[in-house]
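Here are the chains, one letter per residue:
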Amino acid sequence: MNFDFGTSIAGTFFPNPIFTASGCAGSGKELVHFFPLNELGAIVTKSIMIKPRSGRSTPRMAETPSGMLNSIGLQGPGIELFLENDIPWLRDQGARIIVSIAGETVEDYAVLARKLRNISGLSALEVNISCPNVENRGQVFACNPETARDAIAAVRRNIGGELPIIAKLSPDVTDISAIAESVVDAGADGLALINTLLGMVIDTNTMSPKLSQRTGGLSGPAIRPIAVRAIYQVRAAIPSIPIVGMGGVTNGRDAFELVLAGANAISIGTATFGNPMAAISIKEELEELCISRGFSSFKEVIGYAHRVDSTLTREN
Amino acid sequence: MINSRATQLDAEIISNKRVGSYNHMVFAVNELAGACRPGNFVAIAVGGQSSSMILRRAFAIYRATMRADGVGLLELVVAPQGSGSKWLSSQSIGQKVNVIAPLGTAFGIPTEPVSALLVGGGYGSAPLFALAETLKSRGCRVDMVLGASTAGKIYAPLEGKRSVNSLTITTDDGSAGTTGRVSEVLPALIDQHQTDVIYSCGPMAMLEAITAISQQAGIVHQCSVEESMACGIGVCMTCVLPVKGDDGVIRMTRTCIDGPVMDGNRVLWTRSREIPDGVWGK
Chain A
1 MNFDFGTSIA
11 GTFFPNPIFT
21 ASGCAGSGKE
31 LVHFFPLNEL
41 GAIVTKSIMI
51 KPRSGRSTPR
61 MAETPSGMLN
71 SIGLQGPGIE
81 LFLENDIPWL
91 RDQGARIIVS
101 IAGETVEDYA
111 VLARKLRNIS
121 GLSALEVNIS
131 CPNVENRGQV
141 FACNPETARD
151 AIAAVRRNIG
161 GELPIIAKLS
171 PDVTDISAIA
181 ESVVDAGADG
191 LALINTLLGM
201 VIDTNTMSPK
211 LSQRTGGLSG
221 PAIRPIAVRA
231 IYQVRAAIPS
241 IPIVGMGGVT
251 NGRDAFELVL
261 AGANAISIGT
271 ATFGNPMAAI
281 SIKEELEELC
291 ISRGFSSFKE
301 VIGYAHRVDS
311 TLTREN
Chain B
1 MINSRATQLD
11 AEIISNKRVG
21 SYNHMVFAVN
31 ELAGACRPGN
41 FVAIAVGGQS
51 SSMILRRAFA
61 IYRATMRADG
71 VGLLELVVAP
81 QGSGSKWLSS
91 QSIGQKVNVI
101 APLGTAFGIP
111 TEPVSALLVG
121 GGYGSAPLFA
131 LAETLKSRGC
141 RVDMVLGAST
151 AGKIYAPLEG
161 KRSVNSLTIT
171 TDDGSAGTTG
181 RVSEVLPALI
191 DQHQTDVIYS
201 CGPMAMLEAI
211 TAISQQAGIV
221 HQCSVEESMA
231 CGIGVCMTCV
241 LPVKGDDGVI
251 RMTRTCIDGP
261 VMDGNRVLWT
271 RSREIPDGVW
281 GK
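Protein sequence lines correspond, in order, to chains A and B.
First residue of the first sequence? That's 1 in this note's numbering, and the numbers climb one at a time after it.
First residue of the second sequence? That's 1 in this note's numbering, and the numbers climb one at a time after it.
It should be emphasised that the hints constitute simulated quantities derived from the structure, not laboratory data.
A few of these clues could be false.
Said to hold, decoys possible - No more than 25 Å apart at the CA atoms, straight line, and that leaves these computed lysine-lysine pairs for DSS-like:
#1 B:Lys282 x A:Lys210
#2 B:Lys17 x B:Lys86
#3 B:Lys17 x B:Lys161
#4 B:Lys86 x B:Lys96
#5 B:Lys17 x B:Lys96
#6 B:Lys161 x B:Lys136
#7 A:Lys51 x A:Lys115
#8 A:Lys51 x B:Lys244
#9 A:Lys51 x B:Lys282
#10 A:Lys115 x A:Lys29
#11 A:Lys210 x B:Lys86
#12 B:Lys282 x B:Lys244
#13 B:Lys244 x A:Lys29
#14 B:Lys282 x A:Lys115
#15 A:Lys51 x A:Lys29
These numbers were taken from a predicted model, which means no experiment stands behind them.
Work out the full structure: start from the sequences and follow the hints.
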């Protein structure tokens, strides 16, 4: 069996297409207790901001049918401590590292890009412009083509070198393809689809919103059809753009579905909360599934559902 | 860091008995039972393969022992309140569930014999009996106070009572013991038994009230906290509380990794929807 499981994002090679999702694996220090981090294609770190950030008050979490709401609010140590502690540790693990950054202003993104431009050992930069857990919805850059473009352009101008920029987009928009085209114009080398959707749960006993900050980001299998749709639409709109797909992937079949829709790699997020070994078993199941369907390389599967005769041939 | 002994495995249910409002459940595990300490918790996947409940449920360990034949026994007290705990408590003997254990911090055990007061609210009494045994074996005096809304919600099995010098019960409705809350009987008990350290487990409001009492009495208070948790292994950042660290800095701290057992005097108890002032990164 000579199945080629490798994938590329804007010229950067990954030996397999299974990544963690930002905010769902910390910096890997806990998951390493369950598996070696270099077994995954890449570790996508929790979105880091310029300054230390407490995040939001609790309750920050509510389980929903086949999903959950979270409102962490980007809790983190800030870029300086992150670069001092997390990056060297991840390098020592032999992990391929994708650093995720988040800002409150366009200038924040520029500053973070400058902090990261000379850091060695990074595989890519994820620019999270779509975290729903911010005070002001107007700050969700990815909800508007202009603000999305400005944030990505700021990173492009300041990052220098060849580090690929992956823009993480929100599905909470009318036309995700338009946002995607806007950030690709601004210099994004790839896209991460999708971030969580804004949701709310009201506790019918207390008769108040369950989360302390009322709203939270919905993730888990409940949002998978939305991820498939978003990836499919963007793949159709921009055939050449690398896409890191995510949204409720729990097993190899789910990952396969997102790859068929057009994803070049798959991030595992909420599934890790239920099973710390999820990413590893998904990786194994996806490879087996690709082989059993007769593919000789992972790259052949990417966007396979878009083939012209897809409505004519019915394969089971 | 995550409990270095944490292991993931499928565990067979070998006993499941209704006790008052709760289910006492026993799971067959391997040598991980020997790695469990009083205060540690477990995270169990619920609902079966195609369940819409995607998150594990966390339970304090009631008791963990190694049988002579090498089988480890993990005992839990499950309150069938939510859909996950209802599913678990309805599983029959012979079924297997996926368990990650042990997780989190354990109660600190004093190196010298002290007078210890153990306080449990509702099924929060679960981890206190194994703790009582350990303290007793170290020569400590162990007094226990258990409180609940009503008598049926007091979890105090016979074998548990053996390892305590005294047991005080309080119920909100007066159906057993003293009418009222545990915090109302504590000051007198602390005086009477010359308590050196309080160990507690139960609802957050109870832990907050005990912290105020322990601070007034100038004694140590180790409490096992409960904050809604998605992963139990330190990656999701949902189960945080503002806690003062060794360096004096107050951080939003994960109760699954740096807890559930915490120094009550270092927790900033708050029921506000805002992050308290002074927290790092606010």
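* To do: Kindly indicate which numbered hints from before are broken by the structure, ordering the numbers from low to high.
  => none
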